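Trainee: Chain by chain, the residues run as shown.
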Amino acid sequence: MVGTSTLRIAWRNLWRNRRRTTLALAAIGLAQALVLVYGGVFQGYGDWMLESITGPMIGHAQAHAPEWRRDRAMDRTLAHVSAALAELRRDPDVAAAHARIYAPVLAAAGEQGYAAMVLGVDAASEAGPAGLLRGVAEPLDGRRVLIGRSLAEMLGTRAGDTLAVVGQGADGSLANELVVVAGLVQTPVDLVNRMGIVMALPQAQELFMMPDRAHEILIRARAPERAPAVVERARGLAGLAGAEVLDWKTIAPQLVELVDLVGAAWYFILILVFVAAAAGVANTMLMATYERTHELGMLLALGTRPGRIVGMIVAESLALGVVGVLLGTALGIATVAIAHRTGVDLSALAKGAPEELSFAGLSVSMRIHPTLNVGHVVQGIVAVVLTSLVASAWPALRAGRLQPMEAMRE
Amino acid sequence: MTLGTHTWRRFLLLGALLSPTPAGPAGSAAGPPDVDRLLAHLDDLYRSTSSVARIEIRVHSPRIERTMRLRAWTRGEEEVLVVIESPPREAGTATLRVGQNLWNYLPRIARTIRIPPAMMLGSWMGTDFTNDDLVKESSIRKDFDARITRRSEEPAGWWLELVAKPGVVGRWARIELLVSDELLPVEERHFDRKGRLARNMRFDEVKVLGGRRLPAHMVLILEGEPGKRTELRYLDVEFDVRLADDTFSLSRLEQNR
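As given, the protein sequences belong to chains D and H, one line each in that order. Using our numbering, the letters of the first sequence map in sequence onto residues 30 to 439. Using our numbering, the letters of the second sequence map in sequence onto residues 1357 to 1613.
It should be emphasised that the hints constitute simulated quantities derived from the structure, not laboratory data. Computed from a prediction, not measured in an experiment: that's the story for all the values here. Don't be surprised by glycine CBs; every beta carbon is placed ideally from N, CA and C. It is possible that part of the hints are untrue.
Said to hold, decoys possible - No more than 20 Å apart at the CA atoms, straight line, and that leaves these computed lysine to aspartate or glutamate pairs for EDC-like:
id, chain 1, residue 1, chain 2, residue 2
1, H, K1563, D, D200
2, H, K1550, H, D1501
3, H, K1584, H, D1601
4, H, K1584, D, D170
5, H, K1498, H, D1537
6, D, K278, D, D104
7, H, K1584, D, E80
8, H, K1498, H, E1433
9, H, K1563, H, E1594
10, H, K1563, H, E1532
11, H, K1563, D, E80
12, H, K1563, H, E1433
Said to hold, decoys possible - Covered stretches of chain D (chain H as the covering partner; in silico rule of three or more C-beta atoms under 8 Å from a C-beta of chain H):
id, stretch
13, 81–90
14, 126–138
15, 217–230
16, 346–357
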């Protein structure tokens, strides 16, 4: 319907009022750029949260003895843990798997005891990406433990101090041991910072009478979305027979909602582009057709078919929308790319806000790295193009119905 | 004089259930006893000077069966010392209570640790008892309104209902206590603040121990945790023993026993 000559004419027409067209382009472009930047921030934040959530504490999937999640009883353990881990690690979608022990204990540096939690962890495996000990330099071995910063403060201990740890073994017996504080840790996991005594797994297994046993096997998949498939296969493993294997969405549904909420917020922002594009295009084109009523009447009188007039108006709208959205896309991509490299400190934007937020036991950093989502770019462009088409309908129909004689009298 | 609401705690603390004189029938099928007199009698019944006892504790849970033997010393209401004698892995481990303070002594690491308030509701030595059970002091007459609710035929005795007075903060809103005609506790039920039965205790095997007639055996059942119960049995008891002054001291606690 719209030939190249129509497009050429449409483009020329647009620039007959430079200021108005520039303003409309700027409105559409800025809206698209904003949408991309917002989208980038949300995406970056969502990714970060997903990483925090599925990171060191929850992982992508977990295996436990049935009911352990209900009461965390010491004696609800997984048996033959090393065999189960070996099987799990053979799954190509499993990036890492490690066993953990969670034992509530009484910890004391002097006479006064404090409630604490021994985390028996596989030091080598947990040093990897999204492990609890990522970036921790102090080695964990034998009776050397790491303790959470807040716990250390409460206990009044420093590295090198000796700590008494008293708890209950999986067999119901009394477990007690003297451990040496190798260092203090600050992790994204609140529980560890507040109460954690991180101990090498073999030592914890010995202390709590849990030979080749653990309370939890944490599984990290190659990507979060592969978790369900990994869980499905893990359930079939001989080493995990009778165990409860769940993915992160089942384990932390409230966090899933949060991530979904962040995604949903973006669509709200997308409405902004619709409005900006619709207003920009409709206004510009309506003005243009009113202004040119006399000229359009002349064209009709000279024998131009109304369809061609309609096509021209639509082409002008489209050109306006497309050029605006492309400019905005370029601007948005450039901004997100720069912000991605430097990161955005949300706490600096909101003066006095904390650098970290604690949510559901996870510390979530306020520094985020916006990430471009190709889907957002496409959605923005499609939104603008569609809106431009719809917004052109009114001016186009008006132009198409003009009576040449009346129009020329304007 | 305070009367511990937790008959079974008294039982655990050994100051409990000590009647220097035979109680004599207090009411019968003919008519209920006077509540005030009954409570006063229970007060006297539970009053104690000192004791030394050997106790066996059996902890039953769906996956674990454990037996521990303890030796326990008490003096008055405020001082308790419990030392584990077996199994060997735990032998020598001790708990000392003086007033509201509770310490655990761990011979393997030669440390004494004071139990923090946050862990008072935690398990005591892996049993269904809480640390709080060893320390908690409360008074029936002060904290509860008591009344006799009904006659029990089998075993013969009276059911008492104890309802927490308004404004009293505690774990239990209501306690039902079955006292036999011999004026010994038979059953005690604790209801929490939501009105749910939380614990049930039964006292039986009444026999003469240390010259007194008292139930030698008690079972504690936690509601809502099927298969879990803790049994406590006196092997022998001596009452009104003269104890060294430093029996209930930290230094004594840390000495090799």
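Trainee: Does each hint fit the structure? Answer for all of them.
Mentor: Hint by hint, here is what the structure shows:
1. Taking the CA atoms of K1563/H and D200/D, the gap is near 33 Å; set against the 20 Å cutoff, the hint is violated.
2. Of the pairs offered as hints, the one joining K1550/H and D1501/H holds, with about 18 Å between alpha carbons and a cut-off of 20 Å not exceeded.
3. Proximity of K1584/H to D1601/H is assessed by CA-CA distance (about 38 Å); at most 20 Å being required, the pair is judged violated.
4. Restraint check for K1584/H and D170/D: the C-alpha separation of about 36 Å exceeds 20 Å, so the hint is violated.
5. For the hint linking K1498/H to D1537/H, the alpha-carbon distance of about 25 Å lies beyond 20 Å, and the restraint is violated.
6. For the suggested pair K278/D and D104/D, the alpha carbons sit about 26 Å apart, so the restraint of at most 20 Å is broken.
7. Under the criterion of a C-alpha separation no larger than 20 Å, the hint pairing K1584/H with E80/D is inconsistent with the structure, at around 40 Å.
8. In summary, the hint linking K1498/H to E1433/H is supported, as the alpha carbons are separated by about 17 Å, within the 20 Å threshold.
9. Distance hint between K1563/H and E1594/H is fulfilled; the C-alpha atoms sit about 14 Å from each other, no more than 20 Å.
10. For a cut-off of 20 Å, the pair hint linking K1563/H to E1532/H is broken: about 24 Å separates their Cα positions.
11. With a C-alpha separation of about 65 Å, the suggested pairing of K1563/H with E80/D is violated against the 20 Å cut-off.
12. Only pairs whose Cα atoms come within 20 Å are accepted, and K1563/H paired with E1433/H is rejected, the gap being roughly 24 Å.
13. Remark: the stretch 81–90 of chain D is not confirmed as covered by chain H, as 0 of its residues place a Cβ nearer than 8 Å to a Cβ of that chain, below the required three.
14. Against chain H, the stretch 126–138 of chain D contributes 3 residues with a C-beta closer than 8 Å to a partner C-beta. That satisfies the three-residue criterion, and the hint holds.
15. Counting residues of the stretch 217–230 of chain D whose CB lies closer than 8 Å to any CB of chain H gives 0, so the stated coverage by that chain is violated, three being the minimum.
16. Residues of the stretch 346–357 of chain D with a Cβ under 8 Å from some Cβ of chain H number 0, which does not satisfy the need for three, so the listed coverage is violated.
In terms of the numbered hints stated before, the structure departs from hints 1, 3, 4, 5, 6, 7, 10, 11, 12, 13, 15, 16, listed from lowest to highest.
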